[in-house]
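Take the sequences, apply the hints, and build the full model.
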Amino acid sequence: MDKLEEYRKQMSEIDQKIASLFLTRMDLSIQIGNYKKEKNIPIYQEEREKIVLENIKKLTLKKKEQEYLEDFFLYLMSKSKEVQK
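Read in order, the letters of the sequence shown correspond to residues 1 to 85 in UniProt numbering.
The reader is advised that the hints may include incorrect statements.
Below, a list of computed lysine-lysine pairs in the BS3-like style, where the Cα atoms sit at most 25 angstroms apart [stated by the list, open to error]:
#1 Lys37 to Lys50
#2 Lys17 to Lys81
#3 Lys79 to Lys64
#4 Lys63 to Lys50
#5 Lys39 to Lys79
#6 Lys79 to Lys57
#7 Lys50 to Lys81
#8 Lys57 to Lys17
#9 Lys81 to Lys37
#10 Lys39 to Lys85
#11 Lys79 to Lys58
#12 Lys17 to Lys3
#13 Lys81 to Lys36
#14 Lys64 to Lys17
#15 Lys17 to Lys58
#16 Lys79 to Lys17
#17 Lys79 to Lys36
#18 Lys50 to Lys64
#19 Lys81 to Lys57
#20 Lys39 to Lys50
#21 Lys85 to Lys36
Please keep in mind that the hints were generated in silico from the structure rather than gathered at the bench.
Given below as C-alpha cells:
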C-alpha cells in the first residue's frame with residue numbers, strides 16, 4: 001500500500017467515527033429538544049453556544065484551526081436546533 005492509500009484509509013476510518021459521533025449527537029439533540037418542550041425552555045440558548053465555542057477554541061492555539069472548529073461546531077449546533085424543533 002502506498003502512502004496516499006494509507007492516508008486515505010486513515011481518513012476513511014476517521015470519517016466513520018465522525019459520522020457515528022454525529023448521529024449520536026443528533027439523537028441526544030432530539031432528547032434535549034423533547035426535554036425543552038416539556039419544560040417550555042427555548043430551543044436557542046445563546047449562552048450555551050458561547051460556552052461550547054469557547055471550549056472548543058481552547059483545543060488549539062492556531063487561529064486558523066480555531067476558525068475551522070468554530071465553523072464546524074456552528075454547523076453542528078444549527079443541525080441540533082433543527083432536530084429540536
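The hints, checked one at a time:
At most 25 angstroms may separate the alpha-carbon atoms for a hinted pair to count; Lys37 and Lys50 meet this at roughly 22 angstroms. With a C-alpha separation of about 22 angstroms, the suggested pair Lys17 and Lys81 falls inside the 25 angstroms cut-off, and the hint holds. With a CA separation close to 23 angstroms, the supplied pair Lys79 and Lys64 stays within the 25 angstroms bound. At most 25 angstroms may separate the alpha-carbon atoms for a hinted pair to count; Lys63 and Lys50 meet this at roughly 17 angstroms.
With a CA separation close to 21 angstroms, the supplied pair Lys39 and Lys79 stays within the 25 angstroms bound. Of the pairs offered as hints, the one joining Lys79 and Lys57 holds, with about 20 angstroms between alpha carbons and a cut-off of 25 angstroms not exceeded. Annotation: proposed proximity of Lys50 to Lys81 holds, straight-line Cα distance about 15 angstroms (limit 25 angstroms). Between Lys57 and Lys17 the alpha-carbon distance is near 21 angstroms, which keeps this suggested pair within the 25 angstroms criterion.
Proximity of Lys81 to Lys37 is assessed by CA-CA distance (about 12 angstroms); at most 25 angstroms being required, the pair is judged to hold. Only pairs whose Cα atoms come within 25 angstroms are accepted, and Lys39 paired with Lys85 is accepted, the gap being roughly 14 angstroms. This hinted pair checks out: Lys79 and Lys58 have alpha carbons roughly 23 angstroms apart, not beyond 25 angstroms. A C-alpha spacing of about 21 angstroms is found between Lys17 and Lys3, which places the hinted pair at or below 25 angstroms, so the restraint holds.
Taking the CA atoms of Lys81 and Lys36, the gap is about 11 angstroms. The hint holds against a cut of 25 angstroms. The suggested pairing of Lys64 with Lys17 holds, with an alpha-carbon distance near 23 angstroms, which does not exceed 25 angstroms. At most 25 angstroms may separate the alpha-carbon atoms for a hinted pair to count; Lys17 and Lys58 meet this at roughly 22 angstroms. With a CA separation close to 18 angstroms, the supplied pair Lys79 and Lys17 stays within the 25 angstroms bound.
For the hint pairing Lys79 with Lys36, the CA-to-CA distance comes to about 16 angstroms; that is within 25 angstroms, so the pair holds. About 18 angstroms separates the Cα atoms of Lys50 and Lys64, which keeps this hinted pair within 25 angstroms; it holds. In summary, the hint linking Lys81 to Lys57 is supported, as the alpha carbons are separated by about 21 angstroms, within the 25 angstroms threshold. Between Lys39 and Lys50, the direct Cα distance comes to roughly 22 angstroms. Compliance with the 25 angstroms bound is thereby established for this hinted pair.
Between Lys85 and Lys36 the alpha-carbon distance is near 10 angstroms, which keeps this suggested pair within the 25 angstroms criterion.
The structure fails none of the hints (numbered hints given earlier).
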